[in-house]
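Just so you know, we're using this note's numbering here: the sequence shown kicks off at 161 and counts up by one.
Some hints here could point you the wrong way.
What the hints assert, rightly or not - Ranges between beta-carbon positions, derived for each pair:
hint: 1; residue 1: R209; residue 2: R183; range: 19 to 27 Å
hint: 2; residue 1: E225; residue 2: D163; range: 55 to 63 Å
hint: 3; residue 1: W166; residue 2: A188; range: 39 to 47 Å
hint: 4; residue 1: G234; residue 2: P169; range: 21 to 29 Å
hint: 5; residue 1: D168; residue 2: R190; range: 37 to 45 Å
hint: 6; residue 1: R180; residue 2: G203; range: 13 to 21 Å
hint: 7; residue 1: D163; residue 2: E228; range: 52 to 60 Å
Just so you know, these hints were derived from the structure itself, not from any lab. Beta carbons: idealized from backbone N, C-alpha and C, even for Gly.
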Amino acid sequence: MSDIEWADPPASRGGQLTRRELREFADALRGRPDQWAILPTNGSYEAVRALTSRISRGRQSAFGEGFEAISRRGVVYVRFVGEAQ
161 MSDIEWADPP ASRGGQLTRR ELREFADALR GRPDQWAILP TNGSYEAVRA
211 LTSRISRGRQ SAFGEGFEAI SRRGVVYVRF VGEAQ
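Could you build the full structure based on these sequences and the hints that come with them?
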């Protein structure tokens, strides 16, 4: 069979940021309360919405309580609205 196309699969993309990078991102937001920042993501529409919900509900471990997140057209915007530590 001569019409087979051979290729290695692309590397797994996963999230844009590692857990450590997510914690650093959250720490930076704590330093600038009430200012929105774009969280780099590459997930599907559903994954972005789920991430947004987890952050806002304090269930995304790297963030914890005090964060607000919204998504618009697949982009996640996050800000810290909690008490300064």
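Checked hints:
| no. | hint | in the structure |
| --- | --- | --- |
| 1 | R209 x R183: 19 to 27 Å | holds (22 Å) |
| 2 | E225 x D163: 55 to 63 Å | holds (57 Å) |
| 3 | W166 x A188: 39 to 47 Å | holds (44 Å) |
| 4 | G234 x P169: 21 to 29 Å | holds (24 Å) |
| 5 | D168 x R190: 37 to 45 Å | holds (41 Å) |
| 6 | R180 x G203: 13 to 21 Å | holds (19 Å) |
| 7 | D163 x E228: 52 to 60 Å | holds (53 Å) |
The structure meets every hint from the earlier list without exception.
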